[in-house]
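Participant: For reference, the chains in residue letters:
Protein chains: 2
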Amino acid sequence: MTERTPTHEGVIAAAESVAGILPPTPLLAVEIGGVRAWVKAEVLQPIGSFKIRGAWWRLASLTPEERKGGVVAVSSGNHAQGVAWSARRLGISATIVMPHDAPAVKLANTKALGAEIVLYQRAPAEHGGEDRDAVAAKLIAERGGTLGHAFGDPWVIEGQGSAAIEIAAQLGRAPSRIIACCGGGGLTAGLALGAPDSAVHPVEPVGWDMVGQALATGAIVHAAPDAPKTICDALQPTATKPLNLNFLKGRAEPGVTVTDDEVRAAQRFAFANLRLVVEPGGAAALAAALAGKVPVDADTVIMLTGGNADPAAYAATIAAAP
Amino acid sequence: MTERTPTHEGVIAAAESVAGILPPTPLLAVEIGGVRAWVKAEVLQPIGSFKIRGAWWRLASLTPEERKGGVVAVSSGNHAQGVAWSARRLGISATIVMPHDAPAVKLANTKALGAEIVLYQRAPAEHGGEDRDAVAAKLIAERGGTLGHAFGDPWVIEGQGSAAIEIAAQLGRAPSRIIACCGGGGLTAGLALGAPDSAVHPVEPVGWDMVGQALATGAIVHAAPDAPKTICDALQPTATKPLNLNFLKGRAEPGVTVTDDEVRAAQRFAFANLRLVVEPGGAAALAAALAGKVPVDADTVIMLTGGNADPAAYAATIAAAP
Chain B
17 MTERTPTHEG VIAAAESVAG ILPPTPLLAV EIGGVRAWVK AEVLQPIGSF KIRGAWWRLA
77 SLTPEERKGG VVAVSSGNHA QGVAWSARRL GISATIVMPH DAPAVKLANT KALGAEIVLY
137 QRAPAEHGGE DRDAVAAKLI AERGGTLGHA FGDPWVIEGQ GSAAIEIAAQ LGRAPSRIIA
197 CCGGGGLTAG LALGAPDSAV HPVEPVGWDM VGQALATGAI VHAAPDAPKT ICDALQPTAT
257 KPLNLNFLKG RAEPGVTVTD DEVRAAQRFA FANLRLVVEP GGAAALAAAL AGKVPVDADT
317 VIMLTGGNAD PAAYAATIAA AP
Chain P
17 MTERTPTHEG VIAAAESVAG ILPPTPLLAV EIGGVRAWVK AEVLQPIGSF KIRGAWWRLA
77 SLTPEERKGG VVAVSSGNHA QGVAWSARRL GISATIVMPH DAPAVKLANT KALGAEIVLY
137 QRAPAEHGGE DRDAVAAKLI AERGGTLGHA FGDPWVIEGQ GSAAIEIAAQ LGRAPSRIIA
197 CCGGGGLTAG LALGAPDSAV HPVEPVGWDM VGQALATGAI VHAAPDAPKT ICDALQPTAT
257 KPLNLNFLKG RAEPGVTVTD DEVRAAQRFA FANLRLVVEP GGAAALAAAL AGKVPVDADT
317 VIMLTGGNAD PAAYAATIAA AP
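Just so you know, the protein sequences line up as chains B and P, in that order. The numbering used here puts the first residue of the first sequence at 17, with every later residue one more than the last. The numbering used here puts the first residue of the second sequence at 17, with every later residue one more than the last.
Check before you lean on any hint, since a few could be wrong.
The list cannot tell twin chains apart, which means a pair is met if one copy fits it or any two copies do.
[Unchecked claim] Quick list of in silico lysine to any residue cross-link-like pairs, SDA-like style, CA-CA up to 25 Å:
#: 1; residue 1: 265; residue 2: 28
#: 2; residue 1: 245; residue 2: 335
#: 3; residue 1: 245; residue 2: 275
#: 4; residue 1: 127; residue 2: 48
#: 5; residue 1: 154; residue 2: 238
#: 6; residue 1: 309; residue 2: 254
Think of the hints as simulated: they come from the structure by calculation, not from any bench.
Sequences and hints are given; from them, build the entire structure.
Facilitator: Structure representation (structure tokens):
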């Protein structure tokens, strides 16, 4: 099923499809260390994250027969909302496998969009946790339906890459580099495909740099059972997929990691300077730029990937002294 | 000095000038009570508010001789930042008269933009307060310079009206109605001039509806000495000006007032549904729409006028149960 390889032409087609339903998100000027660079405000998507792009392209690409069978997706929350939004719009039934500790706001939003939610325990197997892909596979075996994986899917990768097409049109040229928040590597792969002349930097939370480690070692790396906690709930895949790794090898820049404190500082920066609400996982790329971990020039674009922040946690971050 | 009358042609010219330095702010879809309407996200301006429009047009319209003498402005904070931003860009010296209790973030931002700040006591004269216009007049008498009033100025009114030109271009037609946060009536007058075929609704905090009361009585009304406190620091003029009232009479819709609780609910709505940071005064129009105090249809545009929120106050609002 995933034998199909994502292509640049596929990204172009995805961008045309996305443009038919979603206006481009703004590319906003931002000053970082005296340099005027850009942020791509994907938090302003209808569901508050870029995930609507890949989910839309995946579901829009289903055959009439596949549409009848419905879609099953696994997601910590933002892909879930993207699938639910797209499914409602296309009249497809959607079942989403979500971790039991997904933020309440993401669970509520997904349910409000009409999707059925199946919860699983997010933890290593030896600690009683379940593999989310296995939960989804079991559901599909029982009920049928097509899997809409959150990142290891060629259509999802192409759909996420549509952001790169918009960026180039808005900037009037290829960006020098795109700094991207990275979970499983769907967005990073899509951007690399959509912006072939730009450096693409994946940014991950400390201890959850499954893409960065895979890029460094050349092989899939699984999250350690004792991986540190992170506030970036959207960036905690247990591993990237071969589809993503094979494509990113030799193409993406080395991975960069950010700490919770750096992420919170980025959320405060976005609040005070951009007046944008950014969730922790959506602020990782900005955190890397602000911390000087990735160079920033006038043609650098920083992805602000998600804004579905838990109100109490966000309030604590904003109220904290810088 | 204010004998000049703001005109529709002046708004068109202001819009062209503004377009030369500022990209249009996004017009974003919003669902209110099951109706898909629009918000104009002026919080995404470089200084976080629409005030940059009027300030820019005022300063850009100064003669070379006037530019040399510098500009003096009075402002609770957002006009201050607009004047300071424009003055720095045009190489004009700026002195801003600000209330002693202006939010720290607005004082800091204005200072960071290179303006000199002169503080005054915001309170009725009989309570030891000073009239801010008198403070500014005294400064000009001593040092020279041109007054850039926050709302009672023809160029400022025309500049604010540039938002209406952008809205019509983005919507592809005249909006049915524009709901605007209203302080002294500069934005409301500008929108009425810039959108002659649209209903324009001024929204003010309870007890500070100096425009609404003036529209109802036909005469300038001053704030009561015992006017209730409001969290909308940006919407507390002691009175509107004849320039604004004469123009708005028979043109603007009757004023609407909103409570602090309604404003906080609107800030939470913008946080959760639009991922935009909106300060209290910037959320007044949205508050009126959400509270059903102004009808909303598919061609209604709600102005989100400012996003310079005090972090501690904003955090308390967001963390509070809805």
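Participant: Next, verify each hint and record whether it holds.
Facilitator: Tested hints:
no.: 1; hint: 265 to 28; result: within (22 Å within a copy, 53 Å between copies)
no.: 2; hint: 245 to 335; result: both (22 Å within a copy, 23 Å between copies)
no.: 3; hint: 245 to 275; result: within (10 Å within a copy, 41 Å between copies)
no.: 4; hint: 127 to 48; result: between (38 Å within a copy, 19 Å between copies)
no.: 5; hint: 154 to 238; result: within (22 Å within a copy, 70 Å between copies)
no.: 6; hint: 309 to 254; result: within (24 Å within a copy, 49 Å between copies)
Going through the hint list in order, the structure satisfies each hint without exception.
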